[in-house]
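Here the structure of chain L is known, so what remains is to put chain Z in place on it, guided by the hints.
For the record, the sequence lines run as chains L and Z. Those letters in the first sequence? Residues 1 to 248, per the numbering used here, in order. Those letters in the second sequence? Residues 249 to 435, per the numbering used here, in order.
What the hints contain is simulated information worked out from the structure, not anything from laboratory work. Treat the numbers as computed from the prediction; the structure is a model and nothing was measured. Hints should not be assumed to be uniformly reliable.
With the Cβ distance kept under 8 Å, some of the chain L side facing chain Z (calculated, not the full set) [what the hints assert, rightly or not]: (1) N70; (2) T74; (3) F86; (4) A104; (5) R108; (6) V112; (7) V114.
Straight line, CA to CA, 25 Å or less: simulated BS3-like cross-link-like pairs of lysine-lysine [stated by the list, open to error]: (8) K76(L) to K406(Z); (9) K190(L) to K124(L); (10) K54(L) to K360(Z).
Cβ atoms here follow ideal geometry from the backbone N, Cα and C, with glycine treated the same way.
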Amino acid sequence: METLEIKNLKVAIDHKPILNGVSLTVAPGEVHAIMGPNGSGKSTLAQTLFRHPKYEVAGGTMRFGRAKLNEMTTDKIAQTGMLLAFQYPQSVSGVSVQNLLKVAQSVRGERVSVDTFVKNLKQKAKSMRLPAEFLTRSLNEGFSGGEKKKAEILQLAMLAPKLVVLDETDSGLDVDALKIVGREVNKLKKNGVSVIIITHYNRVLKYIEPDFVHIMYHGRIIKSGRKDLAHTIEKGGYNQFIKTKQKG
Amino acid sequence: MRTINLASYSNQSIVYPVVWLGESDESLTVNAVLDQPGSSLKLLGIFFGTQHHLELHTNIVHRAPNTFSRTLIRGVLDGTASANFEGKVIIEKGAKNADGDLKQHTILLSPKARATAIPSLEVLENEVRAGHGATVGKIDEEQLFYIMSRGLSLSEAKRIIIQGFLGSLLQEFPKKETLAITKALRL
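Extracted from the complex, chain L is given alone in its bound form (with noise of 0.2 Å):
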C-alpha cells in the first residue's frame, strides 16, 4: 500500500491563489478527516488530488506511492488506486453505474466475467440498500441526494481502492444512509485502504473514526490533532483556532 504526500501545494483558479502551501500525510489504512469552513479549500485540494483541468498547481508536490500525481491525468491517478466520491456527483444521460463499472474495469486490466461482476455488484448494491434498478439507470439522472451519495460509494468499492476521498459525502445523508456509508468505509479501512473524509460536520465522524483531523482555513491547514479535536471544534466552532492564528 501506498503513502500519499502532499507538500507545500499550491493551486490557483484563473490565477487566485485558492490553496496557500497545504501539507499532508496520509500513511496506508490511515483515516483523515479535513474540516473547516465553506471556502477554505477543502474541495479544491480534494479536486486537485485527482489533477481537475480548472485547477491550476502553482507549487508544491503531490505523490501517492512512487506516482507523482503534478504530472498525471485524471485517469491515470484512478489507475494508481485512488478514487473520489464527488461531492456533486454528475448525471450522465445512457450511462449506468453498471456500464461504467464494467469498462472502468476492464481498463484496470481486471479479469472479472460480466456475469460475476454483475452478481458482486448486485449483491453489493444490495447490501446498501441501493435497488437493482439504479446500477442500469442513467447515472444519477433522478437520483435523490442520498442515492447518488450511495451509488458513489459503491462506485468506489467496486473499483478495489487503495484511497479514496470522500468530498462531502455525509453531507444531504439520513441517518440510516450514513450508518450505511460508515459501515462500507470501515469495510474497506479495515482492508488497509487509507481514507480523506472532507466534511463540516462531527457527525459522519461518530462512523468513520478518524485517526487525525485537520482544519483548513484560507488555504491552509491551521491546526492538525488527533480525533478530540473534532469535538473540541464542536463545543467551540472553528472560530476559536481562527483568532489564535490571527494572533500568532
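Then chain Z, alone, in the frame of chain L:
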C-alpha cells in the same frame, strides 16, 4: 431539398425516425399536421458526421384536440461537419389539450464542427402543454472529469458519454434504424 409530409390518424401513435450519418450533404423538411383527434407523433432524429452539411427542418402543427407530439433530435458533429436545425411546433386554436414538445441537442467534438438550432413554438390555444429547448456545445468538462476519475482515458470517457447521449434516444427508435445506427456508429 427533400420534403416528407406525414399524415395523422385518429387515436394512433406514429414514430418517424430521421437518421443522417454524414455521407453527403442533406437537406430535409418533415411536415406533420395532427388534424385527427387523439393522434400522436414522435419525430426522432439522430445525426452524426465528420464532414458535409445537414439542413433539417421540422414543422409540426397541432390542429385537433388531444394531439401529442415530441420532436427529439440529438446530434454529434466531428471534423468539419455542420448542421442547421429549424424546428417548429404550432398549436392552433381549437387544439385543446394538445401536448407538444421539441428538444434538440448537439455535441461538437472538434473546433471546426458547427451547429445552429432554431427551435420555435407558436401557441394559439389556451389549454395546452408546450415546451421547447435546444443546446449546442462541447462535452461537459465536469462530466469528463467525473468519468475519468473512475480510470477511463479522455477518449474512452468521450466515447462512453457520446454512446450514452445517442443511445438513450436510440432506445426509442424502431428496430430497423436502431440496428443501422448501432452498426454505423459502433455503439
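Status of the hint placing R108(L) at chain Z (closest C-beta pair under 8 Å): It holds, given that the least Cβ distance between R108(L) and chain Z is near 6 Å, below 8 Å.
Given hint V112(L) near chain Z, where the shortest CB pair must fall under 8 Å: violated (15 Å)
Hint check: is the beta carbon of N70(L) less than 8 Å from a beta carbon of chain Z? violated (17 Å)
Going by Cβ atoms only, is V114(L) closer than 8 Å to chain Z? Violated - the Cβ of V114(L) stays beyond 8 Å from chain Z, reaching only about 16 Å at its closest.
Agreement of K76(L) and K406(Z) with the hint, judged by alpha carbon distance not exceeding 25 Å: Given pair K76(L), K406(Z) holds - Cα atoms ~16 Å apart, limit 25 Å.
Restraint status (C-alpha distance of K54(L) to K360(Z) at most 25 Å): Holds, at roughly 24 Å.
Given F86(L) as an interface hint, is its Cβ closer than 8 Å to any Cβ of chain Z? It holds, given that the least Cβ distance between F86(L) and chain Z is near 7 Å, below 8 Å.
Please verify that hint: T74(L), Cβ, nearest Cβ of chain Z, below 8 Å or not. holds (4 Å)
A104(L) was flagged as interface toward chain Z. Is the shortest Cβ-Cβ separation under 8 Å? holds (4 Å)
Are the Cα positions of K190(L) and K124(L) separated by 25 Å at most? holds (17 Å)
Against the hints set out earlier in the document, violations occur for numbers 1, 6, 7.
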